[in-house]
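Colleague: Chain residues, written in single-letter form:
Protein chains: 2
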Amino acid sequence: MAGIDDLVQRNRGFAAALPLSVRNLPAPPSKRVAILTCMDARMHPEKFLRLEPGEAHVIRNAGGRASPDVIRSLIISSHLLGTREYMVIHHTDCGMLTHTNDEIRQTLAKNMGVDATGMDFLPFTDLEQSVRDDIRAIRESRFIPTDVTVRGFVYDVTTGRVLPVEDG
Amino acid sequence: MAGIDDLVQRNRGFAAALPLSVRNLPAPPSKRVAILTCMDARMHPEKFLRLEPGEAHVIRNAGGRASPDVIRSLIISSHLLGTREYMVIHHTDCGMLTHTNDEIRQTLAKNMGVDATGMDFLPFTDLEQSVRDDIRAIRESRFIPTDVTVRGFVYDVTTGRVLPVEDG
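Protein sequences, first through last, are from chains G and C. For what it's worth, the working numbering labels the leading residue of the first sequence as 1, then goes sequentially. For what it's worth, the working numbering labels the leading residue of the second sequence as 1, then goes sequentially.
A hint or two may mislead.
Repeated chains share a single entry, so a pair holds when one copy, or any two copies, can fit it.
[Said to hold, decoys possible] Pairs of lysine to aspartate or glutamate residues, derived as EDC-like cross-links and limited to a Cα-Cα distance of at most 20 Å, are as follows:
#, residue 1, residue 2
1, Lys47, Asp5
2, Lys110, Asp147
3, Lys47, Glu128
4, Lys110, Asp93
5, Lys110, Asp167
6, Lys47, Glu85
7, Lys47, Asp102
8, Lys47, Asp115
9, Lys110, Asp120
10, Lys110, Asp5
11, Lys110, Glu52
12, Lys47, Asp147
13, Lys110, Asp156
14, Lys47, Asp126
15, Lys47, Glu103
For the record, the hints were derived by calculation from the structure and aren't laboratory data.
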């Protein structure tokens, strides 16, 4: 069975067992928290933070980077839906630690014959520094409320632990 | 307890119970699937698709929109990590259905005195059409492999069901 068909089939079991208590939750996150993390398949933030439905926004992309699209999402999250604490969580063994922009551009040229000159794929070489850089990008945005707290963490994919990154 | 502190505390319980079988999974998603969906706090894609660790990339932002940053993530997902099926999942009662760009800009001006003229927050008025628009944005990107399958769905937050969106 194709991957998507299998997942839709699995959803039927989930929906059949959905508790009444979570069928009419409000949209604003009850813990007023938004989480930014990587799309990595080994990370299930709802599980490793033991989130209940309705508690926190979860924003994910390659690397968990604070791109302009993430700032867009955080503006919606804070100004329209009331979140006030942001977690930036990068992780060990991240693909964005092992590739450079030049390598990714060369892969695109080889695979598809396209020129990705000037595209920034937001790779990084220092895991903790990348977290600090993204905290700063969020804090320095003039669109994010000044009373928001932004804290950084690294998720260790081999232990499942979320460890704080100290301010650099 | 502050929201983040509480979540970090919950993580300790998760990590202590992490099975050995998921401690050394490879980075490429085993189902070769990437999921694009909304950051909404009521949606836990790992649960509503019953994902196992390591099976699928999960990309999330406000609305589940196929922004340039999502294309960046899908380039990494496909070319570097081998995914070949993409699910675009928007949802009922989405905040992006209830606000316009003008309203969001006015909120920013009122809350922070900032001018967000020209910023597009990617709201939409037709839920199924927004899914079709994002499918097309992904399919039409010259950076996404041509053999990738892209399919659209709506998640119903009151029933937990993922329903297909027909091509328009």
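Colleague: What hints, given by number in increasing order, does this structure fail?
Modeller: 3, 4, 5, 7, 8, 10, 11, 12, 13, 14 and 15
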